[in-house]
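Here is what each chain is made of, one letter per residue.
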Amino acid sequence: MKRSAEKGIEFGLAFSGLITILTTIGIIWVLISESWGFFREVPLSDFLFDTEWTPLFSQKHYGILPLLSGTFLTTIIAIITAVPIGIIIAVYLSEYAHKRFRRNVKPLLEILAAVPTVVYGFFALTVVTPFLQTFVPGLGSFNALSAGLVMGIMIIPVISSLSEDALYAVPKSLREASYGMGATKFQTSFKVVVPAASSGILVSIILGVARAIGETMVVAIAAGQQPTLTLDPRQAVETITAYIVQVSLGDVQHGSMEYKTIFAAGITLFIFTFLLNNISFWIKKKYQEKYE
Amino acid sequence: MPAIEPELQALKDNVLDMLALVRNQMIKCKEAIHKNDVSLAEEVIREEKNVNTQEIAIDRDCENILALYTPVATDLRLVLATLKMTNDLERIGDCAKSIAKFLEEDMKGLPKHWLKDFALEDMLETLVSMLKDMGEALRKEDTKMALKTAKRDEQLNDYNRKAYKTTAELIKQHPDSSKTLLTLFSLTRDLERAGDLTKNIAEELVFHIEARVVKHKKSK
Amino acid sequence: MPAIEPELQALKDNVLDMLALVRNQMIKCKEAIHKNDVSLAEEVIREEKNVNTQEIAIDRDCENILALYTPVATDLRLVLATLKMTNDLERIGDCAKSIAKFLEEDMKGLPKHWLKDFALEDMLETLVSMLKDMGEALRKEDTKMALKTAKRDEQLNDYNRKAYKTTAELIKQHPDSSKTLLTLFSLTRDLERAGDLTKNIAEELVFHIEARVVKHKKSK
Amino acid sequence: MSNVKRNRNIDTAFKYVGIFFTLFGIAVLFVFIINILIDGLTRINWEFLTNLPSRRASKAGILTAWTGTAWILALTALIAIPIGVAAGIYLQEYGRKNRIARIIELNIANLAGVPSIIYGLLGLEIFVRLMNLGGSLLAGALTLSLLILPVIIVATREALKAVPNSLREASYGMGATKWQTVWHQVLPAASGGILTGIILALSRAVGETAPLIVIGALAYVPFVADSPLDEFTVLPIQIFNWVSRPQEEFLVNGAAAIIILLLITFVMNGIAVYLRNKWQKKISW
Amino acid sequence: GQKGEQESTSGNEAKLTGEIKIDGSSTVYPITEAVAEEFRTDQPDVKVTVGVSGTGGGFKKFGRGETDINDASRPIKEQEAAACKENNINYVELKVAYDGLVVVVNKENTWVDHFTVEELKKIWEPGAQEKITTWNQIRPNWPKEKFNLYGPGVASGTYDYFTEAVVGKSGSSRGDYTASEDDNVLVQGTSGDKNGLAFFGLAYYEENKDKLKLVGIDNGKGVVMPSVETVKNGTYSPLSRPVFIYVTDVAAKRPEVSSFVNFYLSNAPTLVPDVGYIPLNDDEYAAETAKFTSFGKPQ
Amino acid sequence: MKPIEAKNVNVYYGDNHVLKDVDITIKENSVTAFIGPSGCGKSTFLRTLNRMNDYIDGFRKKGKVYIDGKEIYEKKVRVEELRRKVGMVFQKPNPFPKSIFENVAYGLKIHGIDNKYEINEAVEKSLKQAALWSEVKDKLDKPALSLSGGQQQRLCIARTLAVKPSIILMDEPASALDPISTAKIEELITELKEKYTIVIVTHNMQQASRISDRTAFFYLGELVEYGKTSEMFTNPKEKQTENYITGRFG
Amino acid sequence: MKPIEAKNVNVYYGDNHVLKDVDITIKENSVTAFIGPSGCGKSTFLRTLNRMNDYIDGFRKKGKVYIDGKEIYEKKVRVEELRRKVGMVFQKPNPFPKSIFENVAYGLKIHGIDNKYEINEAVEKSLKQAALWSEVKDKLDKPALSLSGGQQQRLCIARTLAVKPSIILMDEPASALDPISTAKIEELITELKEKYTIVIVTHNMQQASRISDRTAFFYLGELVEYGKTSEMFTNPKEKQTENYITGRFG
Ligand SMILES: Nc1ncnc2c1ncn2[C@@H]1O[C@H](COP(=O)(O)OP(=O)(O)OP(=O)(O)O)[C@@H](O)[C@H]1O
Ligand SMILES: Nc1ncnc2c1ncn2[C@@H]1O[C@H](COP(=O)(O)OP(=O)(O)OP(=O)(O)O)[C@@H](O)[C@H]1O
Ligand SMILES: [Mg+2]
Ligand SMILES: [Mg+2]
Ligand SMILES: O=P([O-])([O-])[O-]
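Those protein sequences? They're chains A, B, C, D, E, F and G, same order as listed. Here the first sequence stands for residues 0 to 291, numbered as in the numbering used here. Here the second sequence stands for residues 1457 to 1676, numbered as in the numbering used here. Here the third sequence stands for residues 1457 to 1676, numbered as in the numbering used here. Here the fourth sequence stands for residues 9 to 293, numbered as in the numbering used here. Here the fifth sequence stands for residues 79 to 377, numbered as in the numbering used here. Here the sixth sequence stands for residues 4 to 253, numbered as in the numbering used here. Here the seventh sequence stands for residues 4 to 253, numbered as in the numbering used here.
Certain hints may be false.
[What the hints assert, rightly or not] Capping the alpha-carbon separation at 25 Å, the derived lysine to any residue pairs in SDA-like fashion look like this:
1. Lys1607/B - Asn1508/C
2. Lys13/D - Arg81/G
3. Lys30/G - Asp71/G
Simulated from the structure, these hints should not be mistaken for laboratory data.
Construct the complete structure from the given sequences, taking the supplied hints into account.
What follows is the structure, given as structure tokens:
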């Protein structure tokens, strides 16, 4: 009686866990069933190695590389912006700042992550780009740089907040050990606390990267929607997500080849995030083995 | 209340019991002389075992307390003092046995006044009262009283000193009984020594209570 | 190596030292008789202080070890055995002092053969050799050897028994020297008792090593 | 020694760098907020909150939008919280450390990285079409639930992980069953962390636009929904719609709506922060 | 499922109830929204909802019978029509307004006065990609500076229409221009870029006149500046296009829907300009009304 | 009566053979101490006695464990019932983050007792038994975590007593406490043994010697010696035991 | 020489008066133990000696603390230098999550030593001093956390020795360890006192008695008694001390 209730509960819980699997299956199913048609018409080699992505133009090219490079470029810029600043803020808040300052500032910063991304998009377009144009030659109205930077600002709180959590969780005893040997705060922070929290910091960075990769509105608004295969941050680029929104919100005939491209792009993105997650998983595991 | 407390209390009680036992032996010896009753002496001999058993039991208790409760400071001194006291008491018990043995073997054939001459009864009387007071002092943990009681061993020393003369004279008078007389002489020495041992007990008490070693102080 | 180890080693060494000291006292007494040299006896009296000091020092060490290192099992038994041994040794030392005192006061005026008659030198010889062997046994922690050595106290008992006769006869012959003779008689008793104490040391060793209480076994 | 001095200087320098960047972050936030406030604050009044959408910017209100958002929030919470927490519990407390558990774990990490628009496509196929819910609140809430499920599951697991094992052992030791232990001890002890995670996840759901447009959330809804099967619009869609209009006044409306949306997010984050602080204070093992 | 209830089957004055589901083009949305809003004062109990899935997204739902009316910024395509047929959905196409496309340059651009259609084609045709990049390639006396192109996203109906009108084939253009689905973004882009050149809906220009310079189009009959008039009378060609609503036959039979559509067509002349679009001529509206009436009749 | 009897118990964690042929009979109403160097299997054996090892991955057991004469690893045994009968107190005080009252009442509620009066009674009684009542009676609704470490540990004991166990297992219950709290716990244990059978793991040999009646010395997974505590600490039979208790090791 | 001299030290945490008029002079090359009930201020006083309390909110101090004759709370004192001279070992072994080598080399690097040869030398020497060299010499690049608790604590001591302190403060350095590891640490402390002045806080009175030359008994923030350990444990002068060490308290 008691036992069967236990079993029932366990089953219910397991079923809830299963829903996530079903979701993934659903996603994969939707992605594959729609992109099936796409890959029947477009050879995989074209998809992977063609350097142009123009499925909506009359001269159609289906090379995913420009979208990948756009995604890559904006993400890298965002990460380069957010990681150092995020970590500096995290270290400052966790190691230097007064408790009260930390308590008040941290949620404030977290709000940055909660601002609707549309707002960031316009911020990039109307504030950051004109500002950058004053000293970056050849910077277009739409460019990867500005979008990347703003995306970086947007994910600063993701990194700083989660990193700060990780830093804060480092036992006080480690800090005391370092101070006890005559280390300064700076030395203690960067030689002991940060390395000790590195797995947590890494996770925060990966979450930041995931957010940057998956981010849509900022890039759709500020980076332009021009799939160019370039690594020049001054150029307008298009990311995979921007492309997906562009098409799925646009006036494309459903079921057409053009429509199917968004699933091909989507599955690429999915594989991409999948790889990223696996790498982070692997890193985390390696770390755990080493230090726990 | 720490767990050691009841153990220490039991230890103290046992020492007092042992002291009472030994004192009882002495009283019986005294009575035996007084009443000329050999059976009392026999009793003392029979009971000597008990004293030994008691000593071994208390020593064992001390060992257990030391092994199990790690006493320090005053607690530790109590245990150490107890160890020494039982040793002393056992030797006093031996003395009672020697007297009893002598009484058992020789009292019947003995000229009455010899015992008087050696003041055996008086010595026993003194010792018994010393032991009584010492027991009191132990119970009250009263070092002053203990030391005062210990002083009375002088009386026993005096008796013993006198015994030399008595022995020499009596041997001259009764050369055939010289062995008996020498034994009597030995007994006075034993009783004198029992007084010393009683004094030792007082010293142990001082050590326990005041952490002062008074032993050998005088002798230096 | 636990911290207690060197402390225990020091304790053992000190006991052996004390034993050596006491034995030395006895040797000096023997030599004093043999060489008719009062100065040796005086030395013994002077040195008696050292024995007492040694006893107090060792007792204090034991107390410290008990208070600071919480010994258990064999370590604890070693400390307890040591406490008893020093007590025994001190009493043996007392005996040496008594002999030395007698020699100092009375040796000069003494007829030579009296000492022979009481076999004082032989008794001392026996005791010294017993102490030597007992020291060896302690060092080696050899309980068999210790018990074997302890058996030799019978010899001392025999000498003591003979002393009764000797005393009685000599008092008859020299009634004026009766006090001296009685003192000699007492000394044989003391030496006999020193033998008992040596035996006790053996028993303590057995207790330390084998956790067996052999004391009072025989007497029951 | 110059070495000590140098180290001290570095230390001080870093302190100022830290302050600078922290304040920079806050400054950006204020720039946003002030910007938006300047643009939209004048537009906010009672009518704005209670009017229906209109072609005239000055008459247009967000009644249906914010009620839609409230509906979506409630329904999403209702769906996602039990499932997410249950799944989190299963994985952390029940799941053995085997391959399947690892796959589920990895799978959840992957789901967290899937762009929201793809969830929209999934919702369209599954809920709108397959389950025939149409572009209803329920379909939207289900879609958003799937979207935030990974976040809730991860937060739940982290919170459960932080509950010391000694608490579980204490409960088992008294003869409690696994579920009793989870229900009476582990969950309450982890509730702060779980709630924080839930609220952060919901505040993400509040801001989502794209997936709801894909499943067919509407732009013009002149009535407040009264059942989960009604059609709906939400604030982000209204904002998106307004800011893409040519007329300046609609941009102002958009800014005003953004203020409302931010307000909702702030309140939710505030609750999360409050819960987190309370939780951190209370539980100090 | 349609929930339309018919409490009274006759009479215009009758209070109607029911629900009308509209989805589709975001371009047409403002017009439909305005109509729906006004319709509410007439028939407050009819629930009209309007979505913005885009013309294509809208047709997909429309073709499945999920919506009653679809807003469209272009005519239905073959595949979409086939889907309707497959699901037994008959529909009528009603033109409701015109949307003009404007070509603009930056305010600081002093050299461009007008473009011919040929010139536009030269700029935008696919072959121009990476070849035609400077102003002087268009007209030699223009400066030898790189121009930057802005335009609506390639997935939008506006883009389709522009390419069809200028290049000659829908979806055929160069790829190296900056696109955004949001026309306000294009306004922003062009107004901040001295060498910017963009095209987008007329309404957006109207709202941002002060930031941009409008460029006239010479389609062989002289330079025409886009305006309500020129669009309405058809002289601004080829860059003006009609926008539509599509109504299914099932829905058209429901009184609230037919009442709504009629309301739409009869109020369009006032409401269309109100939201920045260009109305048809009255005749044209009459024709559309007639088309709808005849469609509603049982065949 | 033999409340606990282990026969030939072998325990493995995966390939790690942690307990080897442990045979022991534990007496009723007595305190039995398990001592031994770290990792020798004391905790493992203790937890084997109420099946707290069940949840550990890779745990395997051979041999038999009888509690009150019944094999506890048999299929039909309800592990919850077993644990109710064989209570457990842990190294670090681990009160539930609830009120003092709730902590003690938890076990009762879990076992289906919901009569308020009955619960109140039982809570008071357990707290009294655990010598905590006088200290907490005025603040039963205060959070248990606001108590001092020693009080928390006594609360944990009270909590265990509330479900009326007959055996109480304690895994280093005082090792996280200061000497004064430790003394209180030890006193409590000594009092409790009149009604309960207590098994305690301790690293503190002085503690084992002070409070236990019998001591079991484990080494490398084997039960090297088991006997009266007083004997063990004055005259252990095995050389290994002697070496361990006198600090001569390795 | 008087390596440590405290004069009239009073410490407050906010309004909490934690140390009251503590006056103490600690001898060179000796082990001094601080004992006393929980919360009496032992740790606080210890941490006052190398200013580890500086970072604690609300910490205030009156009175003077001299190390090697210099007042350490003076403005011009460089706290990093002070802490280098006055090393500290903590209750729970807290090695950095780095390799064994890195742990010991950390202090050297921090103080600007980057000559590889010099560092290698110093690491080896410190590990030898800490009696750990033979156990770890073949795995210097293994993570420190892979060591056992006792080894970790010796590593922490080695790490402290590496920066050549003259004084080592230890706050319950063995309380988290099993008896065998504890014995090793105690032995090490006894060896180290030949070269260092060692102050150790301990809850374990047996430990204090075993290893220290002098003992200071704190109670309620006051230094009640300070003297030779052997005297303290056989014949303490103050009744409070006697009560505490014999377990009669409160
Ligand atoms: N969950 C586990 N999984 C695998 N091995 C374990 C586990 N728990 C303990 N062990 C191993 O089992 C052995 C015995 O552990 P146990 O905890 O019983 O020792 P212990 O005597 O209680 O030690 P301590 O005194 O340190 O608590 C150890 O070698 C340990 O490494
Ligand atoms: N950071 C702090 N803030 C406020 N008060 C504190 C702080 N640290 C300690 N205290 C208080 O100071 C007093 C002394 O604490 P301290 O840690 O020095 O005691 P202790 O003797 O080391 O105790 P324990 O033996 O438990 O380690 C206690 O009353 C404690 O509550
Ligand atoms: Mg254990
Ligand atoms: Mg402390
Ligand atoms: O939304 P549109 O179809 O008009 O681009």
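For each hint, the structure was consulted:
For the given pair, Lys1607/B sits about 21 Å from Asn1508/C by alpha-carbon distance, which is consistent with the 25 Å threshold. Of the supplied pair hints, the one linking Lys13/D and Arg81/G holds, its CA atoms being roughly 9 Å apart against a limit of 25 Å. A distance of roughly 11 Å separates the Cα atoms of Lys30/G and Asp71/G; the hinted pair therefore holds under the 25 Å criterion.
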